[in-house]
Amino acid sequence: MTNRSPLDLVHRQLGAKMVPFGGWDMPLEYSGTIDEHLACRSGAVMFDVSHLGTVRLSGADAFDVLQSSLTNDLNKIEPGRAQYTHLLDEADGSVLDDIIVWWHPGEDSVFDVMPNASNTDRVTDAIGGTDITATRAVIAVQGPDARELVGGVFAEASAVGRFKVGLCTWNDMPVVVAGTGYTGEPGIEIAVPSDAAPSLWEALAGAGIRPAGLGARDTLRLEAGLPLHGHELGPGITPLQAGLSWVVAFDKPAFRGRQALLDERERGLHRRLRGVTTAGRRPPRTGCAVFAGDAKVGSVTSGNFSPILEHGIALAFVDPAIALGDSVEIDVRGSRLAGTVVKLPFV
Amino acid sequence: MNLPEELSYSAEHEWARRLDDGSTIRVGITDYAQDALGDVVYVDLPETGTAVTAAESVGELESTKSVSEMYAPVSGTVVAVNEALVDNPALLNEDPYGEGWLCEIEMSDASELDALMDAAAYRALTEG
Chain A
1 MTNRSPLDLV HRQLGAKMVP FGGWDMPLEY SGTIDEHLAC RSGAVMFDVS
51 HLGTVRLSGA DAFDVLQSSL TNDLNKIEPG RAQYTHLLDE ADGSVLDDII
101 VWWHPGEDSV FDVMPNASNT DRVTDAIGGT DITATRAVIA VQGPDARELV
151 GGVFAEASAV GRFKVGLCTW NDMPVVVAGT GYTGEPGIEI AVPSDAAPSL
201 WEALAGAGIR PAGLGARDTL RLEAGLPLHG HELGPGITPL QAGLSWVVAF
251 DKPAFRGRQA LLDERERGLH RRLRGVTTAG RRPPRTGCAV FAGDAKVGSV
301 TSGNFSPILE HGIALAFVDP AIALGDSVEI DVRGSRLAGT VVKLPFV
Chain B
1 MNLPEELSYS AEHEWARRLD DGSTIRVGIT DYAQDALGDV VYVDLPETGT
51 AVTAAESVGE LESTKSVSEM YAPVSGTVVA VNEALVDNPA LLNEDPYGEG
101 WLCEIEMSDA SELDALMDAA AYRALTEG
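Those protein sequence lines, which keep their order, are chains A and B. Position 103 of the first sequence, counting from 1, maps to 103 under my numbering, and the rest follow consecutively. Position 55 of the second sequence, counting from 1, maps to 55 under my numbering, and the rest follow consecutively.
Rather than coming from a laboratory, the hints here were simulated on the basis of the structure. Nothing here was measured: the structure is a model prediction, and the numbers come from that model. Careful, some of the hints might be misleading.
[As the list claims (entries may be wrong)] Only pairs whose alpha carbons sit at most 27 angstroms apart, straight line, appear in this in silico BS3-like list of lysine-lysine:
| hint | chain 1 | residue 1 | chain 2 | residue 2 |
| --- | --- | --- | --- | --- |
| 1 | A | LYS76 | A | LYS17 |
| 2 | B | LYS65 | A | LYS343 |
| 3 | B | LYS65 | A | LYS164 |
| 4 | A | LYS252 | A | LYS164 |
| 5 | B | LYS65 | A | LYS76 |
| 6 | A | LYS76 | A | LYS252 |
| 7 | A | LYS296 | A | LYS252 |
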């Protein structure tokens, strides 16, 4: 069965091109992916990200369950803050899902855990909680002007700072707001009860915030060097390989997959995620081989044309001997693109 | 969907316009095709002088979301390509029947053009 966002009708009335994504029917684009991408970098756009799951944990043991399950250290934050973290496979340290935890303000033990669309069941299997995905929509407003424009119609939400979490009210309905996102731009994400979602979307549109779809969300996150589960994270891929060791609190006594990661660290990484820029407009693509001279040294996990840089960019797992600044080539269906290993983010 | 009546259409979602010399056609992709592709960011055009065969691949169109082959609607020789697309492939989306044309082919067998669809038949194909 395909899930529909509470904003589904709004998207169709706007003429969005809809696509299946992780069991949901979601907007791919409205005016066009590049146009929406550039609007996010220069002003502000809003995405419907209702396909992200929301699992609510509350109760006296909620903190301990999360602290002993997820990789990051909740003691580094406090109520009213958000944290990026991973849920690992106990056996091999693979990333089962990458997650944002919103810790409700003023509450020691209420957390909203936000998994990827199709991974919600894996997360509830591991940590329990109540899946409240169907009760709300999530609207992500992103861009350098996001807070200012939101402030014109929903001042309470625009006041929520970077990686902070606030409880606000929209049309007498309780709304959870976090200063998080997936574009590399400032912004906020608003979890609003389903019935109130269209009125909030329309108010934001009235404030001059344009809609953007999953197409731009993907090119934006790629330019920002952010991983996508199923590409840079997933079965066989550990946070260490993905260059995300900062998400892993080894000094915690226990979390799922800790021993597997310690073993990998001891053995040494056999590959690591790097950013590669390529010459010319041709997009490198997922699965393209990366070469250093005649030797295959890795493969692309995500690649595209960068609308800001106006050339190709790719994330790729490569041999750990490949260093920043190295020249490589990416094989795109028989043509070799000249590439350079660069520091992330790309922009 | 914009479908000029005077053009011929292929099942690969390309159009052909017969030029004044009678033996050369200009080729592009249809409005339906550009909409399905999304923003085109790279065009791999054939070289002038290349011999092409009807329904065979002569190049690639790449958008932010996918790669699509470009096919020759008729057999012949490529006599011109739209160099403007190299730096500005967005022309394909903005003006698929005009500034976004792909190439011109001198036909080796002009009867192949008659085998293509008219606008009504192509519309039926895309709406079916």
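Consistency of the hints with the structure:
{"no.": "1", "hint": "A:LYS76 / A:LYS17", "verdict": "violated, 41 angstroms"}
{"no.": "2", "hint": "B:LYS65 / A:LYS343", "verdict": "holds, 24 angstroms"}
{"no.": "3", "hint": "B:LYS65 / A:LYS164", "verdict": "violated, 33 angstroms"}
{"no.": "4", "hint": "A:LYS252 / A:LYS164", "verdict": "holds, 23 angstroms"}
{"no.": "5", "hint": "B:LYS65 / A:LYS76", "verdict": "violated, 39 angstroms"}
{"no.": "6", "hint": "A:LYS76 / A:LYS252", "verdict": "holds, 11 angstroms"}
{"no.": "7", "hint": "A:LYS296 / A:LYS252", "verdict": "violated, 38 angstroms"}
In this structure, the hints that do not hold are numbers 1, 3, 5 and 7, in rising order.
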